[in-house]
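Protein chains in written order, with the working numbering: chain A, 1 to 519; chain B, 1 to 534.
Because the hints were derived from the structure by calculation, they are not lab data.
Where is the CB? At the ideal position from N, CA and C, for every residue including glycine.
None of the hints are false.
Simulated pairs of lysine-lysine, DSSO-like, Cα-Cα distance not exceeding 27 Å:
#, chain 1, residue 1, chain 2, residue 2
1, A, K420, B, K133
2, A, K153, A, K119
3, A, K77, B, K469
4, A, K416, B, K133
A short list of chain A residues far from chain B (calculated; beta carbon distances all over 12 Å):
#, residue
5, R115
6, L120
7, T121
8, K185
9, Q216
10, N233
11, A260
12, D287
13, H303
14, L312
15, D341
16, L352
17, R375
18, A490
19, G513
Okay, the calculated beta carbon distance ranges per label pair:
#, chain 1, residue 1, chain 2, residue 2, range
20, A, P387, B, R317, 43 to 49 Å
21, A, F223, B, R317, 24 to 30 Å
22, B, R317, A, S290, 29 to 35 Å
23, A, Q98, B, T276, 54 to 60 Å
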Amino acid sequence: MQATTTVNPLRAGLRQQLTPQPCTIVLFGATGDLTQRKLLPAVYNLALDGLLPHGFNIVGVARKPKSDDDFRAEMLKAVNQFSRNRPVQQQVWDTLVQGVYYVQSEFHDEAGFQRLKTKLTEIDQAQGRHGNYLFYLATPPDVYPIIGTNLGKVGLVSRESTRDPEHEMGWSRIVVEKPFGRDLKSARDLNRSLHAVFSERQIYRIDHYLGKETVQNLLVFRFGNVIFEPIWNHQYIDNVQITVAENIGIEGRASYYDNAGAIRDMIQNHMMQLLCLMCMEPPVAFDADSVRDEKVKVLRAIHPMTREQVRLDTVRAQYGPGSVNGQQAAGYCSEAGVNPDSITETYVAIKLFVDNWRWAGVPFYLRTGKRLPKRTTEIALQFKQAPHLLFRRSMDGLDPNSLVVHIQPDEGTTIKVASKIPGPLMRVRPVNMDFRYGTSFGIEPADAYERLLLDAMLGDSTLFTRRDEVEQAWEFVSSIMDGWNEQAAADIPKYEAGSWGPEQADRLIARDGRTWRRI
Amino acid sequence: MADKKPDADPQPAASADSPARAMPLPGDTLPTRPSADHNTHQGLPPPPDPQAGGTMPPTPSTTQKPGPQAAPPDEQPGLTRALENSNLDAVAQADPGTLPDPYSAEALRDIVHGGMIPVPVDNIDRELIQVWKSTTSGGDNEGKVAVTLMLAMNLVVYTEDDARATAVNEVIDRIVRRHPCRTIMVVNRSGSSDGAASGEATAVAEHDLEANLSAHCHAADASGKQVCCEQVWVYANSPAALSRVSNLALNLLITDLPVFLWCADGAMYNNNIVLTHLEDSIDRLILDSATFRDPAAGLLGMARSVDPAFRNPDAGRYAPGDLNWGRLTSVREATAGLFDDPILLPSLWRIGSIEIQYAAPADGQAANPIQAFLYAAWLASRLKWEFHSGSVGRGGTGDLVLTMRQGVRSIPIVLRATTGSAACPGEVRAARLTTNDPSPVTILFDLTADAMYLDCRVERDGQEQINRKVRYTSPDDVVLLDSELEQFGHDEIYEQSLIMAGLMAWGSLSSGRRSEISAQLGTESRQSSFDPRF
Chain A
1 MQATTTVNPL
11 RAGLRQQLTP
21 QPCTIVLFGA
31 TGDLTQRKLL
41 PAVYNLALDG
51 LLPHGFNIVG
61 VARKPKSDDD
71 FRAEMLKAVN
81 QFSRNRPVQQ
91 QVWDTLVQGV
101 YYVQSEFHDE
111 AGFQRLKTKL
121 TEIDQAQGRH
131 GNYLFYLATP
141 PDVYPIIGTN
151 LGKVGLVSRE
161 STRDPEHEMG
171 WSRIVVEKPF
181 GRDLKSARDL
191 NRSLHAVFSE
201 RQIYRIDHYL
211 GKETVQNLLV
221 FRFGNVIFEP
231 IWNHQYIDNV
241 QITVAENIGI
251 EGRASYYDNA
261 GAIRDMIQNH
271 MMQLLCLMCM
281 EPPVAFDADS
291 VRDEKVKVLR
301 AIHPMTREQV
311 RLDTVRAQYG
321 PGSVNGQQAA
331 GYCSEAGVNP
341 DSITETYVAI
351 KLFVDNWRWA
361 GVPFYLRTGK
371 RLPKRTTEIA
381 LQFKQAPHLL
391 FRRSMDGLDP
401 NSLVVHIQPD
411 EGTTIKVASK
421 IPGPLMRVRP
431 VNMDFRYGTS
441 FGIEPADAYE
451 RLLLDAMLGD
461 STLFTRRDEV
471 EQAWEFVSSI
481 MDGWNEQAAA
491 DIPKYEAGSW
501 GPEQADRLIA
511 RDGRTWRRI
Chain B
1 MADKKPDADP
11 QPAASADSPA
21 RAMPLPGDTL
31 PTRPSADHNT
41 HQGLPPPPDP
51 QAGGTMPPTP
61 STTQKPGPQA
71 APPDEQPGLT
81 RALENSNLDA
91 VAQADPGTLP
101 DPYSAEALRD
111 IVHGGMIPVP
121 VDNIDRELIQ
131 VWKSTTSGGD
141 NEGKVAVTLM
151 LAMNLVVYTE
161 DDARATAVNE
171 VIDRIVRRHP
181 CRTIMVVNRS
191 GSSDGAASGE
201 ATAVAEHDLE
211 ANLSAHCHAA
221 DASGKQVCCE
231 QVWVYANSPA
241 ALSRVSNLAL
251 NLLITDLPVF
261 LWCADGAMYN
271 NNIVLTHLED
281 SIDRLILDSA
291 TFRDPAAGLL
301 GMARSVDPAF
311 RNPDAGRYAP
321 GDLNWGRLTS
331 VREATAGLFD
341 DPILLPSLWR
351 IGSIEIQYAA
361 PADGQAANPI
371 QAFLYAAWLA
381 SRLKWEFHSG
391 SVGRGGTGDL
401 VLTMRQGVRS
411 IPIVLRATTG
421 SAACPGEVRA
431 ARLTTNDPSP
441 VTILFDLTAD
451 AMYLDCRVER
461 DGQEQINRKV
471 RYTSPDDVVL
481 LDSELEQFGH
491 DEIYEQSLIM
501 AGLMAWGSLS
511 SGRRSEISAQ
521 LGTESRQSSF
531 DPRF
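The following block holds chain A by itself, in its conformation from the complex:
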């Protein structure tokens, strides 16, 4: 972990051993959905837990004209509606709201950024500091480059991710939301554009899956225990299935989703990250670069697909009408805001290999989709059969061992083992050994955004994605998209909303003599 530069000896042993330095979060897209639903509640919950520094401010930036008080009222409403802790505690709110401001600006308007600078300077002078700034891009992705450029032009960016005494400036960091580009080329362009103003250490590409407790626990599970690592390889594992299933549709996000599709929305970021954490070698330390070095090695071992591989080993599909949870569900092309002729995929299944010593020959089956029967995210390791089937007769029809990491909901880990049924006969039945977060700890986990915002303020980028990670993931995903682009649009199968996807996906895995896990 990277620490702040000052060390306060009284902090040792206290709950929050590192506290952020006084800083200001500048929220671009201050009136947007993400800000209202996630970011503002996360800031409030951090304040409630006493994790924000004295001298913490938020400046909202958006196109609509409004006063500081308007923005404060909106923030209060958002927190009351979406926070995991509500209603708002007045005392905490009263302290927090003193540091909340609003600046109206178009994102391409340099004069607006000058107004922002003036506001930040006023705040800093009132508090007697050289400001530390965390710029958060919660805007549509097409304005990321111009925001970065304008911040640089008006001189709001120091060249340091920590304090910059030489220029008498605090630190500046920028948090970039997904989607980070729409293919390899645009991701590279975006990286170049941000790098013209910020150094890599100042850029925090957020993938909120990495803020989830269970995802982080995957590292503890693998590298904090000795009993799993010896079997975590091709000698014992037959195949791995990673499932990210949603039962919701696109929930009014047609303009974003119809341009992105499942592969950009889920595979390129969240699922490749899960795959990396599942496959990576032990890092030499739990710090930003050691962990990300290992993740990049995994991505480099996943080779871009040939056209033939795309045809054989990937399936894309789109949901048609059906029913989910007993409710009628419209087909994708009938959703509000979606082009009726859209060929955007809402389901993807992929078979891939990680070509390295540890994983040689082990197929990884990834599937994700909208309007599937239930919401669940899991990583399932299917082990090989025991080498000698001593109880062949009694184990007939039994699956081999499996280890499932449940990411959401019902976070936990399940190991399936064979066990003798009590009685004189040798009868064997699978039983589950279960670890459930909720029942073992009984603690409501913090929202991923709380953890990630705090880490960004602390300057710890372990749970953020690095430039080479993003580009490497795009390289693989772009090869699939390129293959699809050459296929006829009519090739996109439909699946019934509320089903587990198209039969082509079943055939993809059945070719290998396997089936998708029943979830």
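Using the hints provided, position chain B relative to the given structure of chain A.
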């Protein structure tokens, strides 16, 4: 805290505040389940109706039966029993032929809803297996009572009277939701803590040790499935019985799970036979120094247990914990929080004097200075000061005056008892830290009159620079115990502070008190000093 409000609980009967949970105390007439070997056990009611035979349903066992709304309907969802870290081996290995009869569905529901069942003292472990056994697959009660048994640690609790045991039981009922455990509640009714009879015998020998079983259950989810943690009540009615309690407890500890011992009763830290016998078997000892009857002796006893100068290197080293240290967390957080500010941080190294005010009882009784000692000791140990000398202030103020050294610097610390209301004996209510500067910086903490906020102020040259209120909550036992149970290993910061507090306390004692306490602690060989450097 994850504890939910009672009204959030889908099963009213299982809520913490429901009257149905009230624990009857032994001595009440409790009907019991039949036991095949009941005649060999002490203190059990007469055998049940023989017509019922070996398969008769045990009668509900509480004096306070659950109300009509308490009994879950028979059509409850099917049985789900997941033993996490539990005595699965024991279940598997126990010879079915020797086990007592299974419990009836009624008796089980009774336990799930707070009922208590007397059990034979020499068979508690078998009863623990038996009580849940019938709910497993193929058992008599499969599908009738939906129970998940959760056990992630052992918690031994020591109390000295029934009223305290009842209060502590309420705390445990809330704590098991976050820390599922098997609880062994020792109720010492013998009037003596060292296991030696003091004059008159308090009970006839046959009834001197009694045991009951109960469970803490709460609805896991909307399905009505109950998540339960089992609890064994052990009543020691005589000093001789108390001396047997620790071995009984050892038999009931679940292998491989951490063991916590919570002395919940202001019990003397020293000469407690339960602690003495269990100290090699526990991972953590949790005390509450605010309730010590002799604070100086208790503090020194605790400090000695972690001070390498006194510890027996061969002894198993459990980690001590103190609820009173937990009460200081808000003040420590606030203090540390001010110095997080890079502008103020340099002042921390120039602190030249400290004054701490702590609460004293209004009736003129002696105050408990342990919290004040711990706060001063925390600052001193974090800032690498050395203890130089201590004394009781002149002029009859009763102030404790400590002198610390750092190099050539001398730093006085004054601990001042002030009367007023307080959440606990000796609560730290205010502190003033002043730097040694030409224009000194003063950092002040004051608990507001309503005890809701900590007023934090920073003044330079008498000019106020920072003034902010930090929310202050005086945590209850549930919150304090919860954070103690989260910590499995040693809390180095606490232990360093404890050793320093021991030095400070010793330095402030008269020579008469030193001899007295040394004798009590068994440190006669070093009677002249607590600190070997003296």
